[in-house]
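A.B. asks: Residues per chain are reported as follows:
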Amino acid sequence: MSRFYHFDTIALHAGQAVDGEFGARATPIYQTTSYVFPDTDTASSTFNLERSGHVYSRITNPTVGVLEQRIAALEGGSAAVCTASGMAATYSAIIAILSQGDHIVASSQMYGGNISLMKNTLPRFGITASFVDPMDIDGFRAAVQDNTRLIYGELIGNPGLDILDLEAIAEIAGEHQIPFMVDATFNMPYLCRCFDYGVNMTIHSVTKWMGGHGVAIGGVVVDGGNFDWGATDKYPTITEPYAPFSGMNIWEEFGPSAFATRIRCEAMRDIGASMAPMTAFLLLQGLETLSLRMDKHISSTKVLLEYLQAHDQVAWVNHPDLPSHSGHELALKYLPKGAGSIVSFGVKGGREAGKPFIENVELASHLANVGDAKTLIIHPATTTHSRIDAEALVAAGITEDMVRLSVGLENVEDIKADFEIGFRAAKRISDT
Amino acid sequence: MGFSTRQIHAGVTPDPSTGSILTPIYQSTTYVQKSVDEYLEKGYSYSRSGNPTVKALELKLADLEGGAGCAAFGTGMAAVQGVMLAFLNAGDHAIISDVAYGGTYRLCTKVLSRFGIDFTFADTSKPGEVVAAVRENTVLILTETPANPTMKTSDVAAISKIAKANNLVHAVDNTFLTPYFQRVFELGADISIHSTTKYMDGHNATVGGAVICKTQELHDKVAFIQNSTGSIMSPQVAWLTLQGCKTLSVRMDQQSANAMAIAQFLESHPKVEQVCYPGLKSFAQHELASTQASGYGAMLWFEVKGGLVAGKRLMDNVELWSLAENLGSVESLITHPVTMTHADVEEAERQRVGIIDGLVRLSVGLEDVEDLISALEEALEQV
Numbered sequence: 001m002s003r004f005y006h007f008d009t010i011a012l013h014a015g016q017a018v019d020g021e022f023g024a025r026a027t028p029i030y031q032t033t034s035y036v037f038p039d040t041d042t043a044s045s046t047f048n049l050e051r052s053g054h055v056y057s058r059i060t061n062p063t064v065g066v067l068e069q070r071i072a073a074l075e076g077g078s079a080a081v082c083t084a085s086g087m088a089a090t091y092s093a094i095i096a097i098l099s100q101g102d103h104i105v106a107s108s109q110m111y112g113g114n115i116s117l118m119k120n121t122l123p124r125f126g127i128t129a130s131f132v133d134p135m136d137i138d139g140f141r142a143a144v145q146d147n148t149r150l151i152y153g154e155l156i157g158n159p160g161l162d163i164l165d166l167e168a169i170a171e172i173a174g175e176h177q178i179p180f181m182v183d184a185t186f187n188m189p190y191l192c193r194c195f196d197y198g199v200n201m202t203i204h205s206v207t208k209w210m211g212g213h214g215v216a217i218g219g220v221v222v223d224g225g226n227f228d229w230g231a232t233d234k235y236p237t238i239t240e241p242y243a244p245f246s247g248m249n250i251w252e253e254f255g256p257s258a259f260a261t262r263i264r265c266e267a268m269r270d271i272g273a274s275m276a277p278m279t280a281f282l283l284l285q286g287l288e289t290l291s292l293r294m295d296k297h298i299s300s301t302k303v304l305l306e307y308l309q310a311h312d313q314v315a316w317v318n319h320p321d322l323p324s325h326s327g328h329e330l331a332l333k334y335l336p337k338g339a340g341s342i343v344s345f346g347v348k349g350g351r352e353a354g355k356p357f358i359e360n361v362e363l364a365s366h367l368a369n370v371g372d373a374k375t376l377i378i379h380p381a382t383t384t385h386s387r388i389d390a391e392a393l394v395a396a397g398i399t400e401d402m403v404r405l406s407v408g409l410e411n412v413e414d415i416k417a418d419f420e421i422g423f424r425a426a427k428r429i430s431d432t
Numbered sequence: 001m002g003f004s005t006r007q008i009h010a011g012v013t014p015d016p017s018t019g020s021i022l023t024p025i026y027q028s029t030t031y032v033q034k035s036v037d038e039y040l041e042k043g044y045s046y047s048r049s050g051n052p053t054v055k056a057l058e059l060k061l062a063d064l065e066g067g068a069g070c071a072a073f074g075t076g077m078a079a080v081q082g083v084m085l086a087f088l089n090a091g092d093h094a095i096i097s098d099v100a101y102g103g104t105y106r107l108c109t110k111v112l113s114r115f116g117i118d119f120t121f122a123d124t125s126k127p128g129e130v131v132a133a134v135r136e137n138t139v140l141i142l143t144e145t146p147a148n149p150t151m152k153t154s155d156v157a158a159i160s161k162i163a164k165a166n167n168l169v170h171a172v173d174n175t176f177l178t179p180y181f182q183r184v185f186e187l188g189a190d191i192s193i194h195s196t197t198k199y200m201d202g203h204n205a206t207v208g209g210a211v212i213c214k215t216q217e218l219h220d221k222v223a224f225i226q227n228s229t230g231s232i233m234s235p236q237v238a239w240l241t242l243q244g245c246k247t248l249s250v251r252m253d254q255q256s257a258n259a260m261a262i263a264q265f266l267e268s269h270p271k272v273e274q275v276c277y278p279g280l281k282s283f284a285q286h287e288l289a290s291t292q293a294s295g296y297g298a299m300l301w302f303e304v305k306g307g308l309v310a311g312k313r314l315m316d317n318v319e320l321w322s323l324a325e326n327l328g329s330v331e332s333l334i335t336h337p338v339t340m341t342h343a344d345v346e347e348a349e350r351q352r353v354g355i356i357d358g359l360v361r362l363s364v365g366l367e368d369v370e371d372l373i374s375a376l377e378e379a380l381e382q383v
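Chains A and B, in that order, give the protein sequences.
For the first sequence, position 226 matches number 226 in our numbering, and the numbering has no gaps at all.
For the second sequence, position 51 matches number 51 in our numbering, and the numbering has no gaps at all.
Excised from the complex, chain A in its bound form:
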C-alpha cells in the first residue's frame, strides 16, 4: 500500500490490488493448478525467478499471495509464505536455515507440536534442541552452543501462559549472530508486533485467531527482513550458491526477503506443504475482522477473569493480565492491549471436579483447538495428558484440576451462565 495505514485498514486492504480483469472487489479464488505462459522466454525466466509470476500452485498462487502480503504487512515484515498448517510453517522455517549437526535453543513452554517436532522429529535428521524455562534468561545464554543456529520461543507460552522477554532473548541472539524466531499465534501482530522487539521471523497458526472461525487449517512464516545473513557464514542455505536455481545466491538476489525466498524455493517447491487457495480465501475473510474480534476476545477475557477470581469453586486463575502472574510486568510491556484470550483455571475438587465441569457446560465446546469465535474448553488432565501420572503433569505445568479456556465471542453473560451449570455439576460430585 502506498502510505502508512492503521492495523484495521491494513487487515482489509493490504496485498490486494483490485482484480484487473473485471474489477471484482473481493479477491478471486484462483482454484487452479497451473498458469499458461504467453511464450517460452517468459516461462524460463519465471522458472528461474528472474521475473515474478506464477508457475504452479504448489509454489505460488494469486489468492494465497494476497493473504501472504496482507499478513506480512500486518506484522511489519518483508515477506511471508503461507503453509498448509501452523506445524508446516514451523517445520518449513526451520529447515530453510538449519541442517544436520545444527542446534536450536528453544523455550520449554511451547505448544506440544513444536516441542515434539524439535524433540522427536528433527533429531532424526541431525538437528537437536535444548529446552530452557522461558523465565530463565541466563539459561538461554548458557544453552547457546557453537552449533546453535536458531533461538525459538512463544511470546505467550502454551499452556502455562509464561511471557518470554523478547528484547532480552533478541539481545542474546544478536550477540551470537543467530536469528530469533517466535511462534506468535497467541499474540498475533494485533497484540504485539514482535519485529519491533528484535525478533527476526514469526510463525503463526492462521487457523487460530487470524482466521478466527474454526473453518480452515493454515500457517504462515513471516520474514522480518531484519537479519543480516551475510554477516556470518553460519547460514549457507541463504548465502551459498543454490544449485537447483543455477547457483543463485539468495541473499544477494533477495536481500531482506532471502529467508522467505528460501522457504518458497525449498519447502514449497520440494516438500510442498502449501496452502490451498480456498483456505486462503476463507482465512482472508476472517482476517478482515481480526481487530474487532480481538477487542471483544480481550474484553470478555477481562470480565471472565474477574468472574473466575471471585468464584468460590475456583482454586486458582492463571492469565498474564493478573498482577499475580509471574510474567505480568512483561505482559504490560509487550501486550498492552491484553495478553490474549487463553485462560487456565483450577476447579476446586481436582480431577474429579474438573471432569463434570467440562461435561456439563453446554455453550462452551469441548475440543482441542483455540482461537475460535466460539468458546472452547478442555481438561488437559483427562484428555491430552490423561496417560501421564500426577508428577509428570506438574512438570508439564498442568495440574489435575486445570481447565484451559479459549474465550469466544458469545455474550459474556451467557458464558458465565454456562459456567454456572458446570460449577453446579462439579459441586454435586465433590459433595457426594
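If you're looking for bench data, these hints aren't it; they were derived computationally from the structure.
Some clues are possibly wrong.
Okay, derived cross-link-like pairs now, EDC-like style, lysine to aspartate or glutamate, Cα gap no bigger than 20 Å in a straight line [claimed, not checked]:
#1 B/Lys34 to A/Glu420
#2 B/Lys161 to B/Asp123
#3 B/Lys42 to A/Glu171
#4 A/Lys333 to A/Asp233
#5 B/Lys305 to B/Glu186
#6 B/Lys271 to B/Glu319
#7 B/Lys312 to B/Glu381
#8 A/Lys374 to A/Glu420
#9 B/Lys55 to A/Glu21
Let chain A serve as the given structure and place chain B on it in line with the hints.
C.D. replies: Same frame as chain A, but now just chain B:
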C-alpha cells in the same frame, strides 16, 4: 470442433493477468468501476447481474447446446421458472408434458396458477394431443423428453413444427440426455432447459440450472428474468459445474452402457414384472428414441413382481445403490418416485400418466457394472 473438445475448452480462456489455466472463482459481490463514464466497461457491476465465473459456464453451455446464449440459475426449478416468467403473462396458457418432473408439475399447478396462468398437461408423446391442446392464448410448450420418471419419449421435431405453425415458443427439458445425446435445437426447439445438478455437474456436488436459447432475442428475455428475479447461480457452483462438464461425454457414454447392461439383466430376471429403458427393443418408442437421440441415457425404471410391497423391500435392502433423490451423478441412485420425487403429484394424475406405485427408478452411475448388477441380484433374491 468436436463435442469432447468443446466441453473442455468452450467458454474458458486463461486468466489474462496470471495465466491461471482455470477460470478463477470470482466470489465477489461487486466490481470496482474505473470512472462514472466507464461504468460497466469491463462488463460487470454486481454479481446478481453477472459474474465472470458464472459467465464462463454460461458460455460453455451455450456452446455445447449450440444456442445464442445461456442464463444460469440457482437450481433446475429456477431455470424452469425463468422460462415460464419470461414468456407467460396472466391470461396466457402453456402446454406441458403430462409426465414431467414433479417439481415442474407443482410449479405450474400450485404457484403459477395463482397468477392467472393456465396449463394443460398433455401427452406430448402423441403430437395430435398437443395440437388439440393449443388455444388462442397458448404461448409456450414445455416438453420433457424422456419424461421423468416414466421415460415416455416425445417427438421434439413434430412438436416444434406444431409450435412454429402456431407461433409458440417450444422449450425442451433436456436434462436426461444432455446436448451430448440429444440436439434439441437441430430438432427445431427454441429453448433447452437443464438441471445442471444432474449430468453437467455429475458428482452430486451442487444444485444448479441453466436455460439456453436458440436466438439472442429469446435469450435476452430469459436473462432479463434471471437478473430481475435474482434466482442466480453462485460462483462456487458455477466453478464446480465447469469442472464436471469436462467429463460429460465420457460419463454419459459409460453410464449409458451400464444402464443398458442393467436393463437387460432386469428384463431377463424372473422376479421382474417389467423394465422400461429406451435402449431396449421392448421399449414402446424404441425407434423414436433411437432416431431422435444418439444415446439412450442412464435412467430407467422397473417393477418388481409383487408391486409396491416387493419394490419397497428391494429399495430398503439393496446394497451399493443409494436410496436418494437426484439423478445423473457418478453414484448410482435408487428412487421411489411415488413417495419421493413425485409425491406432490396427485394420485389420480400419477395413475393417469403411468407413475405406478411399484415403479422403482434407477439412476445408473459409474461404478463397475458387475457390482451394480450383483447388488440388484442379491436384493431381488430377498424379495
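A.B. asks: Evaluate each hint against the coordinates.
C.D. replies: Hint-by-hint comparison with the structure:
1. B/Lys34 to A/Glu420: Roughly 56 Å between the alpha carbons, so the hint for B/Lys34 and A/Glu420 is violated.
2. B/Lys161 to B/Asp123: holds, 16 Å
3. B/Lys42 to A/Glu171: violated, 54 Å
4. A/Lys333 to A/Asp233: violated, 34 Å
5. B/Lys305 to B/Glu186: Distance of about 41 Å is beyond 20 Å: violated.
6. B/Lys271 to B/Glu319: holds, 18 Å
7. B/Lys312 to B/Glu381: At roughly 14 Å apart (the allowed maximum being 20 Å), B/Glu381 and B/Lys312 satisfy the hint.
8. A/Lys374 to A/Glu420: Since the Cα atoms of A/Lys374 and A/Glu420 sit roughly 18 Å apart, the hinted pair holds (cutoff 20 Å).
9. B/Lys55 to A/Glu21: holds, 14 Å
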